[in-house]
Amino acid sequence: MRTAQNVIVENDDATAVLRRRVPTRGEVMAEIMTQLGNFRTDDSYVIRGETVIAKDLAIDSLAVMDMVMELEDRFDVSIPMNVVAEIQTVDELANTILKLAARR
Amino acid sequence: MGLFDRHAGLLDAYRDVRTTGADPFQIRMERVLSPTEAIINGKKCLLVGTNNYFGLTFDPSCMEAAIEAIRAEGTGTTGSRIANGSYSEHVALEQEIAEFYGKKHCMVFTTGYQANLGVISTLVGPEDFLLIDADSHASIYDACKQTQAEVVRFKHNDPASLDARLRRLKDRDEGDKPGNRLVVLEGIYSMLGDSAPLKEFIAVCKKHGAYVLIDEAHSLGALGENGRGLCESAGVLDDCHFIVGTFSKTLGAIGGYCVSNDPDFDILRVTTRAYMFTASPPPSIVASVRQALKVVRAQGTQLRKQLWDNVHTLYDGLVAQGFKLGPEYGPVVGVHLPDRMTAIGFWRAMLDAGIYVNVAVPPATPNGVSLLRCSLCAVHTKEQLDHMIEVMTGIGRQMGVLQPKLKVVSR
Chain A
1 MRTAQNVIVE
11 NDDATAVLRR
21 RVPTRGEVMA
31 EIMTQLGNFR
41 TDDSYVIRGE
51 TVIAKDLAID
61 SLAVMDMVME
71 LEDRFDVSIP
81 MNVVAEIQTV
91 DELANTILKL
101 AARR
Chain B
1001 MGLFDRHAGL
1011 LDAYRDVRTT
1021 GADPFQIRME
1031 RVLSPTEAII
1041 NGKKCLLVGT
1051 NNYFGLTFDP
1061 SCMEAAIEAI
1071 RAEGTGTTGS
1081 RIANGSYSEH
1091 VALEQEIAEF
1101 YGKKHCMVFT
1111 TGYQANLGVI
1121 STLVGPEDFL
1131 LIDADSHASI
1141 YDACKQTQAE
1151 VVRFKHNDPA
1161 SLDARLRRLK
1171 DRDEGDKPGN
1181 RLVVLEGIYS
1191 MLGDSAPLKE
1201 FIAVCKKHGA
1211 YVLIDEAHSL
1221 GALGENGRGL
1231 CESAGVLDDC
1241 HFIVGTFSKT
1251 LGAIGGYCVS
1261 NDPDFDILRV
1271 TTRAYMFTAS
1281 PPPSIVASVR
1291 QALKVVRAQG
1301 TQLRKQLWDN
1311 VHTLYDGLVA
1321 QGFKLGPEYG
1331 PVVGVHLPDR
1341 MTAIGFWRAM
1351 LDAGIYVNVA
1361 VPPATPNGVS
1371 LLRCSLCAVH
1381 TKEQLDHMIE
1391 VMTGIGRQMG
1401 VLQPKLKVVS
1411 R
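Chains as they are written, first to last, in our numbering: chain A, 1 to 104; chain B, 1001 to 1411.
Bound-form chain A, shown alone (with noise of 0.2 Å):
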């Protein structure tokens, strides 16, 4: 098969090899609810697993894609973009953070 580039074999460094532990549920909500606070209509809703990210927030769909995006350099995931525009609750969010963490 011919590939783009001659790859440059790089010897795994220290950095490299040390991967961060898979993070528990609790550590992902806490950080979707900090990245979604500033999208909030009002100060007293409070955020919950089960809020519609797009209809429950005042986020609009590039918002959600650059919070995504945080969240990814956070706990050292991709979101594919066709997977993000799937998500719909913050739970799913989660989910899908928990899930591709756990495959690392």
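It is possible that part of the hints are untrue.
[Claimed, not checked] Only part of the chain B face toward chain A is listed, based on derived beta-carbon distances under 8 Å:
#1 A1134
#2 C1144
#3 E1150
#4 V1151
#5 V1152
#6 R1165
#7 R1168
#8 L1169
#9 K1170
#10 P1363
#11 G1368
[To be verified] Computed list of lysine-lysine pairs in DSS-like fashion (alpha-carbon distance at most 25 Å, straight line):
#12 A:K99 with B:K1145
#13 B:K1170 with A:K99
#14 B:K1170 with B:K1155
#15 B:K1207 with B:K1170
#16 B:K1155 with B:K1199
#17 B:K1382 with B:K1043
#18 B:K1199 with B:K1104
#19 A:K55 with B:K1145
#20 B:K1170 with B:K1145
#21 B:K1170 with B:K1199
#22 A:K99 with B:K1155
#23 B:K1104 with B:K1294
[Claimed, not checked] Selected chain B positions facing chain A (in silico; Cβ < 10 Å):
#24 T1057
#25 F1058
#26 P1126
#27 L1130
#28 I1132
#29 K1145
#30 R1153
#31 F1154
#32 K1155
#33 S1161
#34 A1164
#35 Y1356
#36 P1362
#37 P1366
#38 N1367
Calculated directly from the structure, the hints in this document are not laboratory data.
All C-beta atoms in this analysis are idealised placements derived from N, C-alpha and C, irrespective of residue type, glycine included.
Please build the complex by placing chain B on the supplied structure of chain A, with the hints as guidance.
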């Protein structure tokens, strides 16, 4: 639920925009007079938002070439490149663009949008990975919707963010089908006029064995010793596997292209739907673009110098008055304004004062910013731009965007 109900939110925002008295999205150029002037609302206006970087829309040699082509070959091809729409001139144009880049292959598309849409969505398929910059053009995002590859988005102009995402793909426990990785970048980003840190990106792509596609839509002519774009000015032309560009900006017409050295590149001609199922560019367009490319090759150095002189005049002038601009000099100068309504109001006031620029507001802009988007032309005069800075400064003070100038009190 009615068909249009889902657009209710956008409709409200659009109504807001129109309450300012003019609709920036339905502006009519009553008569275009030159690359830098047009009649709008019955008044002669200075054009500083038309992507006409070299001012070639009125180049006499390009115009003549187009007229001659119409007389010789008619107004349109009425067919696709894979049917009756491939003329000798299409093939000649493709050879000339390939030669311009020193690449072996070139495919011409009817629009630049279709070039990105078609090439990107076709290059990657199931089990491949497409990595795009967060601030990518709509044509790139639309390609993401068409492809079956998995799409991952990295932070704008952030090679470390790309590196992390390519590394994560490698970490996947997916057995022996790792899939190709295609990274899509832009030479100059169309909203804020900033360039990709291409050398650093290329290094990351090499490390992970990823293919690179760069869209030079706004950088063709403007960057590089020969005007090939960022791939040339960054010295990485050979490391860019696919270069996409457009005829609708520097070259003053419409259409798009993709060049590559890949020996199997031509298979895209029978697999890319945006190429196969649309009529080919008409003879007049092909002729004017071929001539415009000759002008770029013969006079590019001079035109580039004029363009960049104008970039510096406008950028430095606006900064000196206290405007907040995009992060670097570029043929696109984005002026930050605090919110959507201020941007629309500012835009309207400029139009009333006889200056046309683009206004860009969410959701078409990155990070929800509101912008006046100015694009410079090699044939803008210094007087025109000085006048524009003066007008913008006046409006800026009136609207409270700029601090009023304090009088120096002599002791």
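Right, here's what the structure says about each hint:
1. A1134: holds, 7 Å
2. C1144: Holds. Min distance 6 Å.
3. E1150: holds, 4 Å
4. V1151: With a closest approach of 4 Å, the V1151 of chain B hint holds.
5. V1152: holds, 5 Å
6. R1165: Nearest chain A Cβ about 5 Å off; hint holds.
7. R1168: With a minimum Cβ separation of about 5 Å from chain A (threshold 8 Å), the hint on R1168 of chain B holds.
8. L1169: With Cβ-Cβ at 7 Å, under 8 Å, it holds.
9. K1170: violated, 10 Å
10. P1363: Result: holds, 6 Å to nearest chain A Cβ.
11. G1368: holds, 7 Å
12. A:K99 with B:K1145: holds, 24 Å
13. B:K1170 with A:K99: holds, 17 Å
14. B:K1170 with B:K1155: holds, 19 Å
15. B:K1207 with B:K1170: holds, 11 Å
16. B:K1155 with B:K1199: It holds: about 16 Å lies between the C-alpha atoms, which stays within 25 Å.
17. B:K1382 with B:K1043: holds, 21 Å
18. B:K1199 with B:K1104: Status holds; Cα separation ~23 Å.
19. A:K55 with B:K1145: Roughly 22 Å between the alpha carbons, so the hint for K55 of chain A and K1145 of chain B holds.
20. B:K1170 with B:K1145: holds, 23 Å
21. B:K1170 with B:K1199: holds, 22 Å
22. A:K99 with B:K1155: Holds, at about 23 Å.
23. B:K1104 with B:K1294: Answer holds: K1104 of chain B to K1294 of chain B is near 19 Å, not above 25 Å.
24. T1057: violated, 33 Å
25. F1058: violated, 37 Å
26. P1126: Hint on P1126 of chain B: violated, closest Cβ of chain A at ~12 Å, above 10 Å.
27. L1130: holds, 9 Å
28. I1132: holds, 8 Å
29. K1145: holds, 9 Å
30. R1153: Hint on R1153 of chain B: holds, closest Cβ of chain A at ~6 Å, below 10 Å.
31. F1154: Check passed: Cβ of F1154 of chain B comes within 8 Å of chain A, closer than 10 Å.
32. K1155: holds, 6 Å
33. S1161: holds, 7 Å
34. A1164: holds, 7 Å
35. Y1356: Violated: closest Cβ of chain A sits about 27 Å from Y1356 of chain B, beyond 10 Å.
36. P1362: holds, 7 Å
37. P1366: holds, 8 Å
38. N1367: holds, 7 Å
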